[in-house]
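**Student:** Under this note's numbering, the first residue of the sequence shown is numbered 2, with each subsequent residue one higher.
Bear in mind the hints are in silico, worked out from the structure with no lab data behind them.
Fair warning: this is a prediction, and the values are worked out from it, not measured in the lab.
In this text, a Cβ means the ideal position worked out from N, Cα and C, and glycines have one as well.
Below, computed lysine-lysine pairings styled on DSS-like, alpha-carbon distance capped at 25 Å:
| hint | residue 1 | residue 2 |
| --- | --- | --- |
| 1 | Lys248 | Lys172 |
| 2 | Lys172 | Lys147 |
| 3 | Lys91 | Lys133 |
| 4 | Lys149 | Lys204 |
| 5 | Lys149 | Lys172 |
| 6 | Lys147 | Lys204 |
| 7 | Lys44 | Lys265 |
| 8 | Lys265 | Lys91 |
| 9 | Lys248 | Lys147 |
| 10 | Lys248 | Lys204 |
| 11 | Lys149 | Lys248 |
| 12 | Lys312 | Lys265 |
| 13 | Lys44 | Lys312 |
| 14 | Lys60 | Lys133 |
| 15 | Lys204 | Lys172 |
| 16 | Lys204 | Lys250 |
| 17 | Lys133 | Lys265 |
| 18 | Lys60 | Lys91 |
Across the chosen pairs, the derived CB separations fall in these ranges:
| hint | residue 1 | residue 2 | range |
| --- | --- | --- | --- |
| 19 | Arg216 | Glu171 | 22 to 30 Å |
| 20 | Tyr233 | Asp336 | 37 to 45 Å |
| 21 | Ala140 | Arg69 | 33 to 41 Å |
| 22 | Lys250 | Val360 | 38 to 46 Å |
| 23 | Val360 | Arg76 | 30 to 38 Å |
| 24 | Thr77 | Leu223 | 51 to 59 Å |
| 25 | Ser334 | Ala140 | 35 to 43 Å |
| 26 | Arg69 | His197 | 27 to 35 Å |
| 27 | Glu66 | Gln234 | 30 to 38 Å |
| 28 | Thr77 | Ala225 | 56 to 64 Å |
| 29 | Thr77 | Pro310 | 34 to 42 Å |
| 30 | Tyr236 | Ala140 | 25 to 33 Å |
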Amino acid sequence: MNSMSIRFLVFLSLLWICADDVYSHEHHSMSCRPFNGRLSDLKLRQPPGRVLLIPLLSKDPYANESPRWSEQPARTLEAFYRNRFNAVVKQLRDVWSWSDYYQQVEQITQQSPPFDRVIFISHGGFDGPILKNAMYWHAFDVTEGKGKLLQFSEAQPGLKNVLSVTYDTEKNRIFSDYMASHWHELAPMNFSDIWHLLTGWEKQILPLNSACFQRYCSPDRLAARRGQQLEYQVYLCELLCRESLFKQKISVEISPERFFNFTKSLNSLVTTDGLIFFGACNPGSTAPEKVVERDEIDLLINSTLAGGPHKSYVHLVSAATGRITAGPIGSSSADDIVNRIIMFETRHPQRYLCIAAPVAK
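Could you put together the complete structure from these sequences and hints?
**Tutor:** If you want it as structure tokens, here you go:
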């Protein structure tokens, strides 16, 4: 597996951790200052009459939490808005991917007027809310003896993960026929599942180079290894001593089309004097500066989207939508999200909340 592929697997793992663990920086959680004026200075609809709650469902592989953890704070906030403001509260249900989100947004905007508050509750980072990395486009093509499977997927709106599987159609007829007849099954699969399936297929149709295997995995070399060490050594020898029939690569690109598709949905949901709130880790944090390595991209908030770069994700979304946008600075839990929203709506001062108001034109 090439170095770019390995970096992407690490990237996918880190997506599920709050971003202040990904980018270590001594003062980054304080670098985005909260709104400098009084909350009463904000041209914000008060009291809120219509509220939309959007709990995003996802399973953190590094925690024992329920994949539906975000629904509990949503229930608490629903009771708060109804009891405190007698507001009409609606909630999106079973949002596991961004396709689920867009389908429900289309339905709800056709059935009801915009909302004074739209509140996301989810995992997140410097580039906004995170859902599972789900495919939204794929294609397969064979041209001049080269086969290519291409897949686009996203976990955060505006960051496009591009996966490609390429191979020489003349190298192995069995493998080429398999790709031509099974690419529809492969296309929706994730990076690691495609890799394991195709390498498993290689095992079935390609013999090992026996001289190579004897050199690196002879009985003498394996004698001192036990258990998982032995299994891993044999696995490495098989990778080395079997000619690969395909190349698999992954890259991440900024997709203005996907980002503005998301902000267009927010404009359809939120009144012009309403509030967008991202209840997650770090939407209000300024990401620390870091060196962008080859084959990597910078963050959405450091791009030129909506007149950027921007101080934080809430500043980016506010600039793109023309709406007041807010979110926590630094790490945040489900309880923190509830407390921050309640304190905001009851006009209590608080730290670690960043509020971005659109610039007057």
